[in-house]
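Peer 1: Guided by the hints, dock chain B onto chain A, whose structure is given.
Those sequence lines, one after another, are chains A and B.
By this note's numbering, the letter at position 123 of the first sequence is numbered 300, and the numbering carries on one by one without gaps.
By this note's numbering, the letter at position 377 of the second sequence is numbered 554, and the numbering carries on one by one without gaps.
Hints in this document: simulated from the structure, not taken from any laboratory.
You may find that some hints are simply not true.
[As the list claims (entries may be wrong)] Straight-line alpha carbon distances no greater than 30 Å define the calculated DSS-like cross-link-like pairs of lysine-lysine that follow:
1) 549(B) / 519(B)
2) 559(B) / 507(B)
3) 197(B) / 267(A)
4) 258(B) / 403(B)
5) 267(B) / 197(A)
6) 317(A) / 254(A)
7) 372(B) / 267(B)
8) 559(B) / 497(B)
9) 521(B) / 549(B)
10) 254(B) / 197(A)
11) 372(B) / 340(B)
12) 254(A) / 197(B)
[Unchecked claim] Here are some of the chain B residues that sit facing chain A, going by a computed Cβ distance under 7 Å:
13) 233
14) 237
15) 241
16) 307
17) 421
18) 423
19) 451
20) 458
21) 536
In this text, a Cβ means the ideal position worked out from N, Cα and C, and glycines have one as well.
So the chains spell out like this:
There are 2 protein chains.
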Amino acid sequence: MTTGESVIRRMYMYGLDRAKVVGSENVFDYSLGNPSVAPPSAYTDALVDLVQNENPLLVHGYSPNVGMPQAREAIVKDLNKRYHMGYTLKNIFMSVSAAGALAHAFRAVVTPGEGQNIITFAPFFPEYIHYVGGSGAELKVVPADFSSFQINFEAFESMIDEKTVAVLINSPNNPSGIVYSTQTIERLANILRAKSAELGHVIYLISDEPYREIVFEGTDAPFVAKFYDNTIVCYSYSKSMSVPGARTGYCLINTEAEGYEDFVAVCVQISRCIGHNCPPTLMQLAVARDAGATSDLAVYETNMNILYDELTSLGFEMVKPGGTFYMLPKALEADATAFCEKAKQFDLILVPGDSFGAPGYFRIAYCVPTEKVRRSLMAFRKLAALYKH
Amino acid sequence: MTTGESVIRRMYMYGLDRAKVVGSENVFDYSLGNPSVAPPSAYTDALVDLVQNENPLLVHGYSPNVGMPQAREAIVKDLNKRYHMGYTLKNIFMSVSAAGALAHAFRAVVTPGEGQNIITFAPFFPEYIHYVGGSGAELKVVPADFSSFQINFEAFESMIDEKTVAVLINSPNNPSGIVYSTQTIERLANILRAKSAELGHVIYLISDEPYREIVFEGTDAPFVAKFYDNTIVCYSYSKSMSVPGARTGYCLINTEAEGYEDFVAVCVQISRCIGHNCPPTLMQLAVARDAGATSDLAVYETNMNILYDELTSLGFEMVKPGGTFYMLPKALEADATAFCEKAKQFDLILVPGDSFGAPGYFRIAYCVPTEKVRRSLMAFRKLAALYKH
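Next comes chain A alone, as it looks inside the complex (with noise of 0.2 Å):
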């Protein structure tokens, strides 16, 4: 399998050198999962406030190993307000962005060199190979089910075995844009408790979450954690708050999970061997001003609607997108790469589905300017009409 970050980055450097030819308003680069949308003004105003008022040997100074309590504190009562949650400063543990919070769930579950297993389903982010491999596990993949990219359970089944340990989902998912159904989310959770039972050891759920904010009108988006007692929870702000650049995010596991008196202890641990100590300290006093604030999200939701009224009428097959900034629609060729390079001539800049487990399938990454989305359309109807003779 290749790996998704090379084709992505192929694609988008592509399009850095293509803007250099016809301007980058002629480009239209949908690469990228890079926000579009300004950060929240509470925390932007926070970051200056905290630099010109604030004791600047706090604000500069070393956070504690497990984060500081101020944005541990905001973060645990913002998500028990929001969904009726008991977490404490013991559920939580700040990390390096969700990469590194994943870092820190996967060591946390994984014992190496025991041929462990961790189960994600098709389509996934392509990253996660090597996150998991770093751990010591290796990630199988459970193949998509095409017809609404919910989970196709009857293949999962088959593939947990004694040395699974824990089952990563991704939703709202990238690329998908699709969220797991309450009904999904319930009959995993089921799935779950009976093989942990049968197995006799807990496969943990870890669910990566940094598109949890991104969700469309109508969509049901239940809260992960609710359902299953064995969760881990990883976050980042990189979405929500469009500061992917902050490089902070969480790990927080349920009170009700096997291991949960150590969790924390253990991520500090694990910190210890693979050079992570923390995220910035004023990224986190930042977020603990207003952990709930999120940037301007409609705009991905208009720029959905657009894309996938155009694209439907155009002949394209997808899954309507629940939430995050993603699309994954059929290609209109069996070769998604051939298809992908083609779009290249109307200056459309897409990315083959094959790295995410999505062979045929294509992404478009709509974190861009409604303007430039509506100019798009043009594009797409040529590439369309290469398809209709």
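Peer 2: Okay, now just chain B, sitting in the frame of chain A:
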């Protein structure tokens, strides 16, 4: 061997508890290496200007995996000017502070599962045990030369074996404050060249230099990378700019080093496996504005001189520090832990040297206000008096 962190943290936590009783102004807390002076205004002004006046999608957006080009450019330019080097962007990889830099350097030179080792010299920062262990190698510690805290070369040469892939140095040194002289570095480089030739593989020199900018008057403080081709420098702005919370540093390899061509790409691959994805963008851009800026570091030399004069006059034996904000005097009894316990009755918080590979010694982290250093002298006098009868 116990870990340093727990001892340092335990003493620090004791100091906090004690401060609640007698007031923090009356606790002479010399436990933590947390900078006590404000960051340079070049850095803090840059933070505010970037947040208020630059494109938020740049300032808060993803950094490339290798780091922001602005930061890499500014840093190599500064190093080239100060040390007459010829570094380019191909030499440098931005990291989440020194811990992140070391995590990459170790993984770049170690092949896991082959029983390799990395050698360092006591006294040493005890977290190195975990940092090296996490990379799949073992840390071997050369006993200290207590007469000078330079290198015990005889012991060192006898410890190099066919499994040695790197030597790790930390000069200016935590915990001794000693700076390796040009003579020491030259002799070390000669041995490494000879042993590399003899063993038929490169032994890298990994130079952990967060205290490089804190050097006292008259100290011979060579730039290590000039003396040995196969050097990897690990750096952090935590101490020079007083921003440990900014989590910003870098790995730098010499152009003449084996593996130079692939080094930055290798670091990117390593990042993917350990959940490390660049230091925060905002901090990289702020550093880029003036990569050579430092806090007003003179206070540390002032503090050192006050303590050195008083403690030596009280009969403490020590090697005079050449930099950092640490010193490592000999305790007044063989058991440094017992000594540090006795110091508590005078509200002096000191850290026993055992975990640093210096049993019988204690560390003073004199990154505290000078007026407090002066007030602490009476406490040291009372402590010394306990041993005078």
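Peer 1: Does each hint hold? Answer for all of them.
Peer 2: Against the structure, the hints come out as follows:
1. 549(B) / 519(B): Roughly 20 Å separates the two Cα atoms, so the pair holds.
2. 559(B) / 507(B): holds, 17 Å
3. 197(B) / 267(A): holds, 24 Å
4. 258(B) / 403(B): holds, 13 Å
5. 267(B) / 197(A): holds, 23 Å
6. 317(A) / 254(A): Not satisfied, since the Cα-Cα distance of roughly 35 Å exceeds 30 Å.
7. 372(B) / 267(B): Holds, at about 28 Å.
8. 559(B) / 497(B): holds, 22 Å
9. 521(B) / 549(B): holds, 16 Å
10. 254(B) / 197(A): Satisfied, since the Cα-Cα distance of roughly 27 Å is no more than 30 Å.
11. 372(B) / 340(B): holds, 12 Å
12. 254(A) / 197(B): holds, 27 Å
13. 233: holds, 4 Å
14. 237: holds, 4 Å
15. 241: Since the shortest Cβ distance to chain A is 9 Å, the answer is violated.
16. 307: Where the cut-off is 7 Å and the nearest Cβ of chain A is about 4 Å from residue 307(B), the hint holds.
17. 421: holds, 4 Å
18. 423: holds, 6 Å
19. 451: holds, 4 Å
20. 458: Interface hint status for residue 458(B): holds (3 Å vs cutoff 7 Å).
21. 536: Violated: closest Cβ of chain A sits about 23 Å from residue 536(B), beyond 7 Å.
In summary, the numbered hints that this structure violates are 6, 15 and 21.
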